[in-house]
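Peer 1: Letter by letter, the chains look like this.
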Amino acid sequence: MRFIRAWITPLIALFIAFAIGAILMITQGSDPVKAYQSLFTTAFSTQEGLAKTFGKATPLAISGLAVVIGLRAGLFNIGAQGQLISGALAAAWAGYAITGLPMIAHVPLCLLIGGFFGSIVGYIAGALKAYRGIHEVITTIMLNSIVLQLAEYLSNGPLKEEGSIIARTPEVLDTAKIGSVAGLPIGFFLSGLLALGVWWIFKKTTTGFRFETVGKNKNAAWYAGIAVKRNTVFAMVACGALAGFGGAVETLGVVGKFEPAFNQGLGFDGITIALLARANPLAVIPGAILFGGMRGAGPTMQFSAGVSPEIIDLILAIVLFFVTAPIISRILKLKNDTTTQVTSGWGSN
Amino acid sequence: MATLLQVKNLTKSFGSVIANNNISFEVNAGEIVALLGENGAGKSTLVKSVFGLLRPDQGEIYIDGKQMAPGDTAAVIASGVGMVHQHFQLVPVMSVTENIILGDEPKDGIFISIKKAEKKVRALSEKFGLAVDPTANIEDLPVGMQQRVEILKALSKDVRLLIFDEPTAVLTPQETDELILVIKNLAQLGVGVIVITHKLREVMALADRVVVLRDGKVVGTTTPKQSDEAGLAQMMVGRNVVLEVSKGAANPGQPVLSVKGLEVFDDRKLLAVKGVDLQVRSGEILGIAGVEGNGQRELVEAICGMRVRAKGEVLVGGMGTKDMHPHAVHEAGLSHIPEDREKHGLVSSYSIADNLILNRFDQQPFARGWFRNMSAIKKNADLLVKKFDIRTTSPAALASALSGGNKQKVVIARELSQDLQVLVAAQPTRGVDVGSIEFIHKQLIAARDGGAGVLLVSAELDEIISLSDRIAVMSGGIIVATIDNKNADRDYLGRLMAGLSA
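First to last, the sequence lines map onto chains A and B.
Take 1 as the starting number for the first sequence in the working numbering and just add one per residue.
Take 1 as the starting number for the second sequence in the working numbering and just add one per residue.
The shape of chain A in the complex, shown without the other chains:
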C-alpha cells in the first residue's frame, strides 16, 4: 500500500502522457495502438532495439542521478546538460590524445577526466550559490550555454578532426572504447552501479545525511553543526562529476567521439527522469530505460503508423508537467504526498 501511494503520481503521470499522445495521434488520423505497439516491441523485444534502448538509457540514467543528488541536497540542477557536455568533450580528447595506455588504464582515465571537467562546471554553480547567493537555476542555465558554445568552438577549432567538414573531434582510440556484453553496453551496468552507489550514500553515510539535511532544512542543518555552504558546493560538485561521467560514458561507449549535436537534450531528459523517480536513485534506472526506449525506438513509429517521432518529445514534456505540478496528488487528495520540491525560494540563500 505504501509502495502504491509513493508511486501512484508518477504512474498516473505516465498514463496521462501516453493517453494525450494517443488522442493527438487519432486527431492526426494515425493509429495509436499500432504506434505504441511498434514503439515498445522495437524498444524492448528486438536484439538491436534493446541495444539501442540501453545505449540511450545509460547517459540518461547517469544524468538523472546527477539531478537526483541535487534535489536531495535542495538544489535544482538544470545544468546536467552543460556538465555532461564538458565531460563528453574532455573524455573524447583524452580518448584520442592520450596514447600508449592499455585499455584497463585508458578507459578509467578518460572517465575520470570526464567526471573532473563536469565537476568543475558544477563547482562554479555551487560556489556562486553558496558564497554569492545566486540561485543555481540561473547559473546552471547560463553555464549550459557557455559550455555548449565553448564545446562547439573547441570541436570546430583546436580539437577538430583533421579533414572533417563538420564540427567533431577525432575518433577515440580503441583502447578508450567501452564495448558491450551480450549485446548490452557495459556503460549501462556502470550506471546501475552508480545508482546503487548514490542510493547507498544517502541511505548509509554521513555525507548523504549532510546533503539531505541541508536540502530539507538549511537552518536546522546549520544549527546541527553542518557546514551548509561547503556541503552545497560539495553536492553541486558531485552532481557535475556524475553528469560529466555520464557524458564520458556516452562518448566512449556510444558515439566514439565528441560531436555537439549528439548529446542534445540528455541532461534535460535527466531532469524529467529524476523528478519522475521522485529523487529516488534506484527508480532512476527503470525511468531511464523507459525514456531510452522511447528515444531509441521513436523513429519506428514513423514507418509503422506514420506518427512523427516528435510525439515522443511531447509525451515526455507532459510527464514532466504532471510530476512537477502537484495536480495529481491534489485530485487524488493524497495526504503527505511528498511531491519533490523542485526549488526553494528565489534569491534566498
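Hints are supplied without guarantee of correctness; some may be wrong.
Restricting the straight-line Cα-Cα distance to at most 25 Å, the calculated cross-link-like pairs of lysine-lysine (DSS-like) are [unchecked claim]:
{"id": "1", "chain 1": "B", "residue 1": "Lys-378", "chain 2": "A", "residue 2": "Lys-216"}
{"id": "2", "chain 1": "A", "residue 1": "Lys-229", "chain 2": "B", "residue 2": "Lys-311"}
{"id": "3", "chain 1": "B", "residue 1": "Lys-343", "chain 2": "A", "residue 2": "Lys-229"}
Source of the hints: derived by calculation from the structure; they are not laboratory data.
The hints should help you fit chain B onto chain A, whose structure is shown.
Peer 2: Relative to chain A, chain B alone:
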C-alpha cells in the same frame, strides 16, 4: 443585554482532525468573553469561522440575530465585527493616521485630506481613551502603542464586536495591564469583546465569561468569580496541573559559561547586543527576562556559534569559542534548545529517530567513520521516546506528525541526552501545551541538579520567575540588572524590562 453574536453547533474539520466539534457560545454587547484553551484546542479555527475566513462544515452563526452565510467575510465586517491580529497588520513607514484610514481615506476632491483624517483619529482616540500621537510613524512606536493603533484601526469602522487574537503575546507586563484597562473600557462603551488566550492570569483579570475549549470542544463555561487559575487550568488540560514549579535550592559551582563584552549584529546589520557580560555557574539556572526583540535572540545565537560575534568573547567550560561553528561549540559541551523548533530545532520531514541525533549524526555510536549506525540510532530513539514520554506511534514516524509539545520534547530529549556543561534554553515552552510545560520545566531543573549551568531565555515572566535562581533583565541590547530570585517581583522586573530605571 442584547446578544451580539451567537454561534450554534459549529463544526469544522480538517481531514480527519476535528478542530471544532459542535461548538455553541454567544457574546453580548458590552461583554468580555475569553476563549481559553491550549494551543491546538481550536480557538483560532473558531474565530476564523466566525470572521468568515474559514467555512464551517456545520452550524450557524448569527450576528444581531441575522444568520451569516458561511465564509462571507465582507458581510461579517459590514455587520460590525473587527479583529486585532496577533501579528499587526500595519505599514511601518506610515504614520498612525495613515495606517488607520488606509482603505477608507477621507478626501478633498481627489486628494486625501490628512487634516480631516487626523481629526477623525483624534476623535476616535478620545472617545475610547486610547491616547496616541496621530502623526507618529509606526516604526518609531513601542509594540504596545502599535497595538493601540491596530485597535483604533478596527474601531474606526464602527465596530461592535472586537476579536483579539493572543493580544498580550508581545507585550510587557505593564503594557498588558494597560491593555486590560483598554479592553474593559471598550466593553463599558458597549462593544462586545472576544479575547483568545491561554494565559490564565489575564483571563482572571479581564473576562466576564470564560469559554474553555479542549480538543475542539467546549468543556465548560464559567466566570472568574466562580473559578480560579488552578480550576481553569484543570479544565484546559482535563487534569490537575502543578503551576508552581517545585525545586530544591541551587548548588552553584564553577562558572561554566562566561560571556564578556559581547556585541552582536542582527539580520538588519544593526547592533542588537551592545556589550553583554554574564556568567552561568554549574548547578544554577540564570534566567534572562525581557520583552522579545531586545537582543535575546542574537545573544543566544552568538553564544551557540550560530551568529558572528562582532566583539567580546564566550567561554564554554573555560574554553574560548572564538570563531567556532555550532558544531564545535556543541562539542565543547553546550546544548541548545533553539527558540524556533520548526526552523532550527527539527527537520520535520525526518523521522523522530533521525531528529533525536540531528547534531550527533557523525559521532559515536551513531556513526562509525563514514557509515551511519542505524541500529544505534534506533536504540537511542526507542530509549528517548520512552524516557521523555514522546507521544508517537513509532520512532520511525516523521517529526511533522507530532504535536507542538511532542516536537519540543524531541528537541529537549536530544539536547539533554548528551554530556553537557551548559544548556541554553530559548523559549523552551513556547506553543507547548500545559502538560508538556510541566514536564519540560522538570527536565530543566533536572539538568541543573545534574550539574549543568542553564541559561534560560523566555518571554514568559512567570516561567523565568518560577525556574531561575538568578534573573538577568535584558532591555535594549544590554543586561540592565541581575538580581537574585529571592528579590524577584513582577512589577519591579516588568519596569526593568520596559527599560525604565527601577
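Peer 1: Would you mind marking each hint as holding or not holding in the structure?
Peer 2: Evaluated hints:
1. B/Lys-378 with A/Lys-216: 21 Å, holds
2. A/Lys-229 with B/Lys-311: 24 Å, holds
3. B/Lys-343 with A/Lys-229: 18 Å, holds
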